[in-house]
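Visitor: Produce the entire structure from the sequences given, and follow the hints as far as they go.
Residue numbers for the sequence shown follow this note's numbering, so the first one is 1 and each next one is one higher.
To be clear, the hints were calculated from the coordinates, so they are not data collected in a lab. Each statement offered as a hint is correct.
Just the calculated beta-carbon pair ranges, DEER-fashion:
{"#": "1", "residue 1": "A202", "residue 2": "N37", "range": "20 to 28 Å"}
{"#": "2", "residue 1": "P20", "residue 2": "E164", "range": "28 to 36 Å"}
{"#": "3", "residue 1": "M183", "residue 2": "D161", "range": "22 to 30 Å"}
{"#": "4", "residue 1": "P194", "residue 2": "A163", "range": "12 to 20 Å"}
{"#": "5", "residue 1": "E11", "residue 2": "A163", "range": "42 to 50 Å"}
{"#": "6", "residue 1": "S178", "residue 2": "R30", "range": "46 to 54 Å"}
{"#": "7", "residue 1": "E26", "residue 2": "R160", "range": "18 to 26 Å"}
{"#": "8", "residue 1": "L159", "residue 2": "L186", "range": "15 to 23 Å"}
{"#": "9", "residue 1": "Q33", "residue 2": "E195", "range": "18 to 26 Å"}
{"#": "10", "residue 1": "A28", "residue 2": "R160", "range": "19 to 27 Å"}
Glycine residues also receive a C-beta, built at the ideal position from the N, C-alpha and C atoms.
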Amino acid sequence: MPKEQEKPKIEPKIAMVKPPPIDERERARRKAQKQLNQVKDELADLREVMDLTPLETKNLSGSVSADSHAERSLITSKVGVGSGGITSANMSRGFGTGAGSLTGHDTTAVNSGIVRSGLNARGPARPGGGGKAARSREEIELVFDRNKGRIYSLYARALRDNAELQGKLVLEFTIAPSGEVTMCRLISSELKDPELEKKIIALVRLFRFDPKDVDAVTTTKPIDFFPA
Numbered sequence: 001m002p003k004e005q006e007k008p009k010i011e012p013k014i015a016m017v018k019p020p021p022i023d024e025r026e027r028a029r030r031k032a033q034k035q036l037n038q039v040k041d042e043l044a045d046l047r048e049v050m051d052l053t054p055l056e057t058k059n060l061s062g063s064v065s066a067d068s069h070a071e072r073s074l075i076t077s078k079v080g081v082g083s084g085g086i087t088s089a090n091m092s093r094g095f096g097t098g099a100g101s102l103t104g105h106d107t108t109a110v111n112s113g114i115v116r117s118g119l120n121a122r123g124p125a126r127p128g129g130g131g132k133a134a135r136s137r138e139e140i141e142l143v144f145d146r147n148k149g150r151i152y153s154l155y156a157r158a159l160r161d162n163a164e165l166q167g168k169l170v171l172e173f174t175i176a177p178s179g180e181v182t183m184c185r186l187i188s189s190e191l192k193d194p195e196l197e198k199k200i201i202a203l204v205r206l207f208r209f210d211p212k213d214v215d216a217v218t219t220t221k222p223i224d225f226f227p228a
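Guide: Rendered as structure tokens:
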């Protein structure tokens, strides 16, 4: 019986697929557009920080308006617990219970889709020690409520680069009798975004309060940033 001859093996041909040609003009256009968008964002951030008008807290009453269509939320920590709301036991030093305090004022609570302001009841507020009256908690909350849209704008732009950006940020700041914020620094942050933190600090430094014959006061402010 004749031996079968082995059939020659046919090596499969590997098709060489050439990548599509790169359109250098399109690549350059996209790169230029990206750089332009970054410049626009930086200019917008600068406008948000610089476009601040002095706030007269004595003229503010009722709720503070906010953009109800925001897709993200900034919610500040709640102030006070129980049915008593903010009590003198929960207040920090520097926020008295006299005529300038929150007690006795008919102020509508702020419940916004963007931000709900409130000072940290556990954080210290230290007067200058001159024995004068101090700024009320209400006044400080109103200023933050007035500027919550600007804080949100900075946060919203940062979300373009990091859609998962969230966490708590705690600031400490000092208000002079003139109403200027003379110091603002970062106490802690879960955001892990130094650029955003720096912009928020710069924004708070531009907040303006009514000039008053009071001691300088230092207090803390927690702000929680998280998806809606």
